[in-house]
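**Student:** Please build the complex by placing chain B on the supplied structure of chain A, with the hints as guidance.
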Amino acid sequence: MRSRVFPRDWPAAILTGVATAATVSMLLVVLVLLLKGGWGTLSLEFLIAAPKNGMTAGGVFPAIVGTVLLVLVMSLAAVPLGTATAFYLHEYTGARPRRVEMFRFVIRALAGIPAIVFGLFGLAFFVNFLGGNLDVLGGVEQGPRWGQPNLLWAGMTMALLTLPVVIVTVEESLRAVPQEVREASFALGASKLATLRSVVLPQALPGILTAAILAVSRGAGEVAPIMFTGAAYYVPEIPGALTDQFMELGYHLYVMATQSTDVQATAGIQHATAFLLLVLTGALNLSAVLLRARVRARRWS
Amino acid sequence: MADHPSTHDTVAKEISRPVPAAPCAHLAWRSGLRSAVERLVELGLRASAWLSGALILLVFSFVVSETLTAEESPAPLQADLAAPDHQLQSYGADALGAGARALATREAARSRDPQGEAFSWGDLAGPIWDPVRQPPHFGLLPLIVGSAKIAGIALAVGAPLGISAAIFTVVFAPRRMGELIKPLVELLAGVPTVVVGFLGLVVLAPFLQNLLGYQFRLNGFLAGVAVAVAVIPIVYTTAEDALWGVPGHLREGSLALGASRWQTTRRMLLPAAAQGIVAGVMLGLGKAIGETMIVLIISGNAPVLSLGLFAPARTMSATLATEMGTVLRGEVHYHALYALATVLFVFALAFNIGGGIALGRARGGKVQGEHR
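Quick note, the sequences are listed as chains A and B, same order. Residue 263 in this note's numbering sits at position 209 of the first sequence, with consecutive numbering throughout. Residue 163 in this note's numbering sits at position 140 of the second sequence, with consecutive numbering throughout.
Mixed in with the good hints there might be a few duds.
As the list claims (entries may be wrong) - Partial list, derived from the structure: chain B residues whose beta carbon lies under 10 Å from chain A: (1) Leu-80; (2) Trp-144; (3) Ala-148; (4) Ile-186; (5) Ser-283; (6) Gly-309; (7) Ser-329; (8) Gly-331; (9) Phe-333; (10) Ala-341; (11) Phe-370; (12) Leu-372.
In case anyone wonders, no lab produced these hints; they're calculated from the structure. Just so it is clear, CB atoms sit at the ideal spot from N, CA and C, and this is done for glycine as well.
Chain A with its partners taken away, still in its complex shape (with noise of 0.2 Å):
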């Protein structure tokens, strides 16, 4: 707003100032916090290191495997998934705009269910329904048990969680590209296939990597709907097969903080972990804002 601020304004300006550095200076504290709580034991050995002495002692390190491996089966069906509807969406509904109003508020809907709803429905869907009977068909006795929680069906359930952002991530950087440049190219005869393929997918490339790397810091921290799906309180090993429990940086912050044996020896993998887990959403989060800039910038107008 260009003018000049009044005198009488100082007030307001003042007053929603600090409540603007109150809510920005939220996320400093919170760095600083954890910083200061968890230096200690921040360390190589805290991240290559399994937990030792009962989980009092030790790293994290099968928690970081378990993240990175959840959020990968998690993106290996969230983002193809998302990309597709969102490509549907945009590119081939134009003559039916109330099919796509229906289509976005179903899935605006979907991003309101709470995480733990999906926690519920993992259980009784992924885990008692298609493993349950994944396990009558194939007899129990043999090969893996489908049946129980383990990294598939987490990854599933977080994948529910995640498909609205990249859905409607994805859109969002289908709308940038500019209509012209699709009629230009069906004006050299290109075919819609031949258009989307070769005209709109490379620039909306970066909006779908932008929209993987939000929905896998979204992932990441979540903790609800993997704790009846597959996350376990404590597995040494690093899981080898979809059907293994897993380890996972926030539900482990979560059984640290509040079943721990030894409140205050943990304090410091309780601080280091929560600090990890930051630093990880925090870095994705923030190359995601910056990616997204400068697809925003380089819109054509």
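**Tutor:** For chain B alone, coordinates are given in the frame of chain A:
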């Protein structure tokens, strides 16, 4: 080109069409195989979209169907019969200090006649939530009061902060500063809630107790304040969008008439953006109701019916997170938890859809071409 007027016309039509609606399969030079691939891809994309859209129905129907007793849902029962010990397995980790209780519940479930026990939705009406009492009580009232109390506190703290910050960004902040504030708030939105809950436990809890001198270290007020951290970014982002959405010429007109920035804000910007701001608050409410990890860690987790701000509280979401790990599939408590999840689902959805509708209206009323 004069020899092929029809092709020329078609291409011209294709160009003038604002959004290409269908694959241009009618172009004469396309081979049959290629057009088949085109159709296949479109079909695949459409199937993906319908699958994404259908997921919400899938979630709802499975959560609801788990409230029914086992006799009524045959497929999962088969799985149980095939694996006898499977039914007695509890989900989540027993080691979570609840092992003993889970064991007791397990014994109780063994001795109980599975046919005689059934969950009915009427069980949810009642003032007591106590699943281990005999007979168990599944009254939702204390949990709903707990959720409402904590969400109310979170909004009372978070909404003014978020809206004020949005006003500052749009009205008072220099441009560069405004461009910096927004991504910072987006980063705040990305802080995992389990980290917020953890800091609430080790830092905010002792701090607030020393400051206010209340009795219980973990209580509803503390949880509400911490949940506000998760609510602020939603309120801020939506309110900021709504404020920017007010047409610039209205703002400039007001300033040109000699109104100060604050007068312009109070008399023109805020009323014009009211619907968008209300939408932000409703979306924040939906988030606060569904928020799990923060309240699970620091609300005190006591399902007591109390209106006291500083009393320990238990929300619907935290109840699911605490008790799901201790129940057996098929027992009454299990069905009651899924009924609770259904209620939470409906609550959160109502606020989110309400917020979405308000947002749609706010955007629909916006004057075109004036954004930023």
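**Student:** So, as I understand it, the hint says Leu-372 of chain B touches chain A; can you test that by seeing if any CB pair is closer than 10 Å?
**Tutor:** holds (6 Å)
**Student:** So, Phe-333 of chain B near chain A? Judge it on the closest CB pair being under 10 Å.
**Tutor:** Since the shortest Cβ distance to chain A is 21 Å, the answer is violated.
**Student:** Tell me if the interface restraint on Gly-309 of chain B is satisfied: Cβ within less than 10 Å of some Cβ in chain A.
**Tutor:** Because about 5 Å separates Gly-309 of chain B from the closest Cβ in chain A, which is inside the 10 Å limit, the hint holds.
**Student:** Restraint: Phe-370 of chain B near chain A, CB-CB cut 10 Å. Satisfied or not?
**Tutor:** holds (9 Å)
**Student:** Should the hint that Gly-331 of chain B touches chain A count as held when the rule is a Cβ pair under 10 Å?
**Tutor:** violated (23 Å)
**Student:** So, Trp-144 of chain B near chain A? Judge it on the closest CB pair being under 10 Å.
**Tutor:** Hint violated; Trp-144 of chain B Cβ to chain A Cβ min 17 Å, cut 10 Å.
**Student:** Quick check on the hint: Ile-186 of chain B CB to chain A CB, less than 10 Å?
**Tutor:** holds (8 Å)
**Student:** Was the hint right that Ser-329 of chain B lines chain A, CB cutoff 10 Å?
**Tutor:** violated (22 Å)
**Student:** Go through the hint on Ser-283 of chain B and say holds or violated, using the shortest Cβ distance to chain A against 10 Å.
**Tutor:** With a closest approach of 4 Å, the Ser-283 of chain B hint holds.
**Student:** Verify the interface restraint on Ala-148 of chain B: the C-beta must sit less than 10 Å from at least one C-beta of chain A.
**Tutor:** violated (21 Å)
**Student:** Holds or violated: is the Cβ of Ala-341 of chain B closer than 10 Å to a Cβ in chain A?
**Tutor:** Hint holds; Ala-341 of chain B Cβ to chain A Cβ min 8 Å, cut 10 Å.
**Student:** Let's test the interface hint: is any C-beta of chain A closer than 10 Å to that of Leu-80 of chain B?
**Tutor:** holds (9 Å)
Violation of the numbered hints given earlier is confined to hints 2, 3, 7, 8, 9; the remaining hints are satisfied by the structure.
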